[in-house]
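Chemist: Single-letter residue listing:
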Amino acid sequence: MQIFLDRLTSGLTAGSIYVLIALALVVVFRCSGTINFAQGEFALFTCFVAWWLSTKGWPLWLALVASMAVGFVMGMVAERALIRPVRRRSEVATLIVGLGLFTGLNGADGWIWGPADKTFPELLPHAPTDYISIAGSRLHYDSIGIFVGMLLVVLLLTLLFNRTPFGLQMRAVATNAESAALSGVKVGRVLSVSWGISAAIGSFAGVLLVPVLPPNQLDLSSFFSILIFASAAALFGGLDSVKGAVVGGLGLGVVESMLNGYGTFLGGSLQLTFALLIIVVVLVFKPTGVFGARRIERV
Amino acid sequence: MTATSLNGESFEQGRPDDAELVAARESATPPGPNSRRGRRRPWVVERGSLPHLSLLLLGLLVAVALVLWGSGLGRFNQGQITRVIIYAIAIAGLNIATGYTGLVSVGHSAFFGLGAYTTGILVVREHWRAEATIPVALVVCFVVGLVVGLPALRIRGLYLAIATLAFGVAFPEVVARFASFTGGASGLTIRRNMLRPPDWTGFTLGQKGEWLYWLSVGILVLVMLVVHNLVRSRYGLALMASRDNEIAAASSGVNLAVIKTVSFGVSGALTGVGGCLFAMYLGSLVANDSFTLLNAIALLTGLVIGGEGTRFGPLLGGLAVVYIPYYSSSVGQGESAAVIFGAALIVIVFLAPEGVAGAVIRLIRHVFQVIPRTPKPYQPTVRPGPPAGTATEKP
Chain A
1 MQIFLDRLTS GLTAGSIYVL IALALVVVFR CSGTINFAQG EFALFTCFVA WWLSTKGWPL
61 WLALVASMAV GFVMGMVAER ALIRPVRRRS EVATLIVGLG LFTGLNGADG WIWGPADKTF
121 PELLPHAPTD YISIAGSRLH YDSIGIFVGM LLVVLLLTLL FNRTPFGLQM RAVATNAESA
181 ALSGVKVGRV LSVSWGISAA IGSFAGVLLV PVLPPNQLDL SSFFSILIFA SAAALFGGLD
241 SVKGAVVGGL GLGVVESMLN GYGTFLGGSL QLTFALLIIV VVLVFKPTGV FGARRIERV
Chain B
1 MTATSLNGES FEQGRPDDAE LVAARESATP PGPNSRRGRR RPWVVERGSL PHLSLLLLGL
61 LVAVALVLWG SGLGRFNQGQ ITRVIIYAIA IAGLNIATGY TGLVSVGHSA FFGLGAYTTG
121 ILVVREHWRA EATIPVALVV CFVVGLVVGL PALRIRGLYL AIATLAFGVA FPEVVARFAS
181 FTGGASGLTI RRNMLRPPDW TGFTLGQKGE WLYWLSVGIL VLVMLVVHNL VRSRYGLALM
241 ASRDNEIAAA SSGVNLAVIK TVSFGVSGAL TGVGGCLFAM YLGSLVANDS FTLLNAIALL
301 TGLVIGGEGT RFGPLLGGLA VVYIPYYSSS VGQGESAAVI FGAALIVIVF LAPEGVAGAV
361 IRLIRHVFQV IPRTPKPYQP TVRPGPPAGT ATEKP
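Protein chains in written order, with our numbering: chain A, 1 to 299; chain B, 1 to 395.
If you are wondering where the hints come from, they were derived from the structure by calculation, not from laboratory data. In this text, all values refer to a predicted model and were calculated from it rather than measured experimentally. There could be a bad hint or two in this list.
[To be verified] Beta-carbon label-pair distances, calculated as ranges: (1) MET194/B x PRO121/A: 46 to 52 Å; (2) LEU66/B x VAL73/A: 47 to 53 Å; (3) LEU57/B x LYS286/A: 53 to 59 Å; (4) ALA81/A x TYR235/B: 36 to 42 Å; (5) TYR235/B x LEU168/A: 49 to 55 Å.
Just so you know, even glycine gets a beta-carbon here, dropped at the ideal spot from N, CA and C.
Let the sequences and hints guide you as you build the complete structure.
Modeler: Have a look at this one:
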């Protein structure tokens, strides 16, 4: 029982990170109908910014705020300068620009800060004694922190989407950009801001994640697999659904943790292959995901 | 055949104008007011005509000269050129799926790795001759390509890219999982004497580099011929039709399911052959090193820089993939190559979506064009009257 609870909490912790990156993907997809391949690299870049600020003696929470601001600006600029000009041309062009951002940012991180692993300071208390004991299982404060942070982001996003005029504009743009423009919505601004919000969520996830997942080190490939897991989660839940991202991300985290613990017959090292299978199966059999809105294509 | 006159006024023999020629003539900019002769019209050559054939021969001679020049370089430079050729083969494979059929794959490093591991495992465990493993890798990669291509029947564009991305990311993990077979994280080492050149070539073990160079050149030529014939065939037309407009292609009788899966299979197979050569070149395989996501992105970058859907794009792409990291390795803590690749991808999308090869071809078309041979009009054998050249055939 104790081992089961341990695995459950570690799954929920990892799952919360997948949820956050998946939410970042969802925010972009809802408005612009594209998938931002560079999402993970945005997060990595801002994470490096936070790390760098913390080595300059900034308190970590301030570095977090600063890195989120950097992420927001980066997202907005990327959308305005790189994505919007090619978006109308073709999907493949958007994709290639996204991949360009992906490699470019990854290389830029290494160029500026060096390819060596970084040790990231802890935002949350993580000493071996910092835990709450539940039925013999240790629930560490940092895991709780990540979970609460994730819930906070979900809450704020839901409020933003459903209770604010800007959220209404975002939904209008997502439903039909042309009609929205005719009703006076500044479509371009909505798109830019939603890319900014998405990148800021990514930075938040990055800073929370890095101290927690072993091996406690920040390296250039930290976000490759996280992006894959997050895409699997977002696709599973439906790329346009906040609820879907939460269910998909947490579910994936828990299943992965359980497979690691109990599925020893699989060798315990095939998480990415598992994510690949989920992606392919979902795309082939239910492309809209479990909670996604149906899309009808007119021929 | 003769080249048409520059002004395009008269056509000898009163042939009906070739549609493509007319289009080319009309799309050329009209003479400006300042210049008396206007802009020079392109030199137009018919396919299969004497000037065309002699130009082809010239191109062939240049290619042979380049290959001979490459064979005379020192060991290091020859190795670099061998790598260029290997990447060109791999990118030519990717070009079939991404360039001609429009199925963007961000996971071709997996095929590259699959080919390499097929060679590595057969050589190390079964003591095959390295070059004999190439057909096996071809078949293995073709079959896996068919399977990976299956999702392409239902999903497109960004979604397919995600699926292939996951395929590329998952590959090193699968290799690590079957460590007893593949050597796992520590890698698979092919001992040097296992890669001895065959006796009939006359190369000694010390000349392994030269043998590999000539083998790669031979396979590159084969691959380019295959791609050329494929693209010019009915099948190639179907590939491009399904890329340009899927619905129109299907309604014209293109079997999309077959076209897409088979093109993914062929694509994977060719990239896998590149992987075989890579295994022979490198001699040691580490999946976490050589066949990662970044490798897949490098292949795609090479293709985009070289030119999607062009026949010479992969060669230029191979040059870019090998030499950009080589010359930039001293800048930016060894990470500047990724930045250059990223910037190049974005710049290419903005400025020259058809890639370097495509842009060059577009520029060349301003001064030189090859048009299809005009079919000879039917001429009755017994016909009194004026000779064929002056016959007027007004409708």
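Chemist: Which earlier hints can't be squared with this structure?
Modeler: Checked against the structure, no hint fails, so every one of them is satisfied.
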